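Enquirer: Residue numbers (the working numbering), protein chains in the order written: chain A, 1 to 341; chain B, 1 to 341; chain C, 1 to 341; chain D, 1 to 341.
There's no promise every hint is true.
DEER-style ranges, computed between Cβ atoms [what the hints assert, rightly or not]:
{"no.": "1", "chain 1": "A", "residue 1": "Y240", "chain 2": "C", "residue 2": "L61", "range": "34 to 40 angstroms"}
{"no.": "2", "chain 1": "D", "residue 1": "P165", "chain 2": "B", "residue 2": "F267", "range": "42 to 48 angstroms"}
{"no.": "3", "chain 1": "A", "residue 1": "N170", "chain 2": "D", "residue 2": "G196", "range": "47 to 53 angstroms"}
{"no.": "4", "chain 1": "B", "residue 1": "N288", "chain 2": "D", "residue 2": "A249", "range": "44 to 50 angstroms"}
{"no.": "5", "chain 1": "A", "residue 1": "S11", "chain 2": "C", "residue 2": "H129", "range": "51 to 57 angstroms"}
{"no.": "6", "chain 1": "C", "residue 1": "R254", "chain 2": "B", "residue 2": "H129", "range": "46 to 52 angstroms"}
{"no.": "7", "chain 1": "C", "residue 1": "D138", "chain 2": "B", "residue 2": "R222", "range": "36 to 42 angstroms"}
{"no.": "8", "chain 1": "C", "residue 1": "L308", "chain 2": "D", "residue 2": "R222", "range": "52 to 58 angstroms"}
{"no.": "9", "chain 1": "D", "residue 1": "K253", "chain 2": "B", "residue 2": "D141", "range": "48 to 54 angstroms"}
Honestly, the hints are just simulated from the structure, not real lab data. Quick caveat, the model's predicted, so the values are computed rather than measured. Idealized CB from N, CA, C, for every residue including glycine.
Here is what each chain is made of, one letter per residue.
Protein chains: 4
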Amino acid sequence: MCRFVIYKGTSPVQLSHLLTRPCHSIINQAFDSRLRLDHRRPINGDGFGVGWYDSVHDEELGSQPCIFTAVTPAWNNINLIRLAEKIKSPLVFGHVRATTTGSLSLDNCHPFAYGKLMFMHNGGIAGFHLIKRRLQADLSDDVFNVVQGNTDSECAFALLLSKLPDPKANSFATRTLQQAMLDTIATLNLYAEEAGITEPSLMNFCVTDGESVVATRYISSRHDEAASLWFSSGTTFSEYAQGGHYRMAKADKRENIIMIASEPLTFEKADWMEIRTNNMVVITPKMNLLQIPIVDKFYVSPSDPASLNRDTDFAAAKGLLSPRKALVPVQPRENPTQLSI
Amino acid sequence: MCRFVIYKGTSPVQLSHLLTRPCHSIINQAFDSRLRLDHRRPINGDGFGVGWYDSVHDEELGSQPCIFTAVTPAWNNINLIRLAEKIKSPLVFGHVRATTTGSLSLDNCHPFAYGKLMFMHNGGIAGFHLIKRRLQADLSDDVFNVVQGNTDSECAFALLLSKLPDPKANSFATRTLQQAMLDTIATLNLYAEEAGITEPSLMNFCVTDGESVVATRYISSRHDEAASLWFSSGTTFSEYAQGGHYRMAKADKRENIIMIASEPLTFEKADWMEIRTNNMVVITPKMNLLQIPIVDKFYVSPSDPASLNRDTDFAAAKGLLSPRKALVPVQPRENPTQLSI
Amino acid sequence: MCRFVIYKGTSPVQLSHLLTRPCHSIINQAFDSRLRLDHRRPINGDGFGVGWYDSVHDEELGSQPCIFTAVTPAWNNINLIRLAEKIKSPLVFGHVRATTTGSLSLDNCHPFAYGKLMFMHNGGIAGFHLIKRRLQADLSDDVFNVVQGNTDSECAFALLLSKLPDPKANSFATRTLQQAMLDTIATLNLYAEEAGITEPSLMNFCVTDGESVVATRYISSRHDEAASLWFSSGTTFSEYAQGGHYRMAKADKRENIIMIASEPLTFEKADWMEIRTNNMVVITPKMNLLQIPIVDKFYVSPSDPASLNRDTDFAAAKGLLSPRKALVPVQPRENPTQLSI
Amino acid sequence: MCRFVIYKGTSPVQLSHLLTRPCHSIINQAFDSRLRLDHRRPINGDGFGVGWYDSVHDEELGSQPCIFTAVTPAWNNINLIRLAEKIKSPLVFGHVRATTTGSLSLDNCHPFAYGKLMFMHNGGIAGFHLIKRRLQADLSDDVFNVVQGNTDSECAFALLLSKLPDPKANSFATRTLQQAMLDTIATLNLYAEEAGITEPSLMNFCVTDGESVVATRYISSRHDEAASLWFSSGTTFSEYAQGGHYRMAKADKRENIIMIASEPLTFEKADWMEIRTNNMVVITPKMNLLQIPIVDKFYVSPSDPASLNRDTDFAAAKGLLSPRKALVPVQPRENPTQLSI
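Make a model of the complete structure from these sequences and hints.
Expert: Printed below as a string of structure tokens:
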């Protein structure tokens, strides 16, 4: 039961407004425990990480992201609290970890970075120990040696890197990142099939190069529901009432801020729209938001009644489903191109 | 919202059976979040500690307790998991911390130790910053310099040490520990009165010398409820069903095991009895259990109907009240002597 | 045997050039162990800290410094390594700690901060446990409650705060900081005298408000040598040879960079000048450097031959003396005003 | 530049006498820095670990070792200091780590354990990134998934496990462990040859099952010297002078204690004998000590003058050579059988 948040804005956000001050941030949330079936694992205390890009380009500092991670809980990390008051960024990834695979170690904290790229994951790759070596065999030497920890997530990132023409490039076309993401999911599905793994994998992945963001809400199943994923957009994100109560305001038609998160980050659930299962969501450099179905054998068309009846028990048992009280149809911002994989 | 557990047995317990394996241990519990009003602070990830006495006396090793503490969450501490599988003890204090005052630091983790004594606290001393210097002024130089961290709890322990005739003694009469505990509470009440502090203090304290255990369920208020405190006793404490489901069994009249905890540690709530508010509970070296009213101006006699109507909002707001579904009158094991303070 | 470094420049420095990349930085130094008499304590692995001010003022971010501390060794702290590559600042305090008093805890890591002020210390206050309560009694309630850890250094900072007319002010005259520093030293000497402490105290202190820097090289003895303190100034500080070999270059008469450090930070010892014992060194907001004798009963005039014969054993035994191979007379940049205390 | 120590005794040792109290323990040593060429890496602060077997068998606790590891420096680890005062064991592995490969993480701390086995390493496998996948391909699924960290050492342990007929066995013949060790070295040499790696690997390995100990002093070179390895034996190991000065005493012919260490652990260097390069040293369950040449293409017979002229620069540059002031010929305790590989 990890949690993550993505922020992309035309103006930089002070990290504290995203991470440490809001009472509903991924760090401070008092999660609703009634949905939790996994009573042996307390929530979200197994480390965290935040990654961000500079708000002003400085030749000397370069354009790679900066990453701060810790194995102590985020809500009580004095360094995070101090840094969040001093750092602004137009593109932030935040992640709170609950171990499913992988030990408590900085090496296992998301987001992972390579060159200009950042990546994080919420979910779990089923039977990963059965496919790890198969995956490693497909990596180039460079990418193989990037992997420092022992999580399925970091290996998925390495696989995604291996799907890119040049993972060390200075810039990536949005479409290149989209295709690498689709290839990663397809390859993981292939490995699972070869290994005879029937349990579904929960693959909510996000990747960015500092310009584009590509995220997925995906499960390798036609019947089970994916881990939850929501987005919100507006003009300003600010505190409207003392005690860390934040709200997304929409002053005009322009979208200055887009946030994607594993669950709604404000009490105003109407501000949050759910991303459809087995869809990819893309934020372009120019702040357009696209939602694109991932059409493979696990895809169920929204016109198929079965799409409304996915079984939530699997994701809920893993603590990966937020309450769907505010289910609102997603309104993509432009005509999405449907990619097939 | 700290949690603690005390184990005293005629036979040593493997620490894992108390701490890491039971699904309802203070470490693994999935706490019922419906009672929590403090939505800004996640639960119980701010460090933990366990203290224990040797199961076999060894002249070279001495008779002081051993303490293991950490600032990372207990449920994922590989050292705790390993040590708990290898250590047995007849008297254990375990504590999981949620910061109220004091920073995240090993110096602030309970239990605290001095010579043969161990101490821990669940609750909070109201307006502590207003009385800290007054308290420090009352300590001997030796005891003053014992304090390493910045918590109210450690200062309360230092105060208790200063109430003992010889805090470095090799043994203590049970009654000596009881009196020091009563003196500590009385002195803290005096400081609060002098400083004009009207908010109640929650003083669930425990102290042991390895032989006797003295614990309190106490609040400096006639109207508010204290933080919860429960006990259970029996012959064996063991797993009756896979997945960490433990139960206290009572094979005969003899009490081989006594456990005191901030909330019931098994699903079998009938096994747990609530300790009355503003009472002291004592385990003697010979495993007798006494419950003794702390009769001061905050005491309300059980025969007074007001005793049933203490307001639970204060303690609940601090996350210090467990659900009272299994309220059972406490049956003290012998005729308690009532001490006045 | 702590180490510290101060950087103040007309242009911001990337923290990595100060802390992580130079082979002679306070973090990476392979200290000469031949001077060390304290064979029981390894060097400089007991935590570190770095504090800095923003290079560009941002109303939303405010003007207080940011502090990053850790209890793991600095040379292997992945967060420090990453942050140092991304942060630039015109005024930096860096500190590597070896515990003398105080436990291993973030609360005990320098620099300490309060409002706009930062403070750090290299040395030790003799018999501190004998004067701690006396010192605490002299603090205001506000300042008393600032102290989080258990070091002599943090208490000295609290004392300095109590010597300022308004420790929460937005700006301080350089002279106000100088006077507070002198008062702090004088008061600590008074406490020691009252308590009958005869061992000298090593008081190399530094304080800044983001504009001025005040540092001392001081020992409360006429006969023993103080902990070492050096400075260097120039136009650029950069790598002249691979492997982290840095040098201070002086392109013209202008002083763009002033560094003060517990020992020379480059192989070019000629670039480093020693600050005289029992002197205060001041960097003004306009980058003038003053050296001012601290004239009290422990002062020995440079014209007195005894000034050349201070006994180095005491400081060396504490690991606080760097080899004086490059002893060069200090050339203060302007006519210092001599303050008496 | 790691350090390790092995203790095996007929009586259990209190861990503090081995680890925390002696001024020359692997934790407290003030290493002679004059031999160090690697000036960029401070010494031995990158975590440590200790593993031990119970001194009394307890059916409930089982016979696997207990491991305690940390990423903060050992000399200041309050948990280690407390545990070492309370734990006794007849067979202890202690290890202090300086990172060469692998990040700062508990997963990377030695000793590593599997079932009844413990393993540690001092040295480095040359070009490990070039042979890691080759090594992994040779592991069984079980053993592959044992590896949690990213060090060459843990992979070498996994390889050794794969050389055992049953790595989960309850007991191992001494000779089985010896053969697995030889096979591990031979296989690593083979991988290096296949990958065209010419830099020598430093393979000082130790493995134990709680009964036998097998350690190697080995380098894959005919010309360079291996990392240092010493042993001492006697009747008692105790403090003869205040300040942590320990000595090995030999009261009679019986060997009650055998210690093997990366460098002499007392000032009495005459008590320590150097193990010959490219030899295996074995402690049998009955406390016999054998020294056995590892005869392969890198072996140089002691009768060959070249054996005295191995070049120490390579090992010294890695900080892995202790001063050979007390070079004493090793006197093996019984007629060793020479194994060929």
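Enquirer: Any hints from earlier that this structure breaks? Give me their numbers in increasing order, please.
Expert: 1, 3
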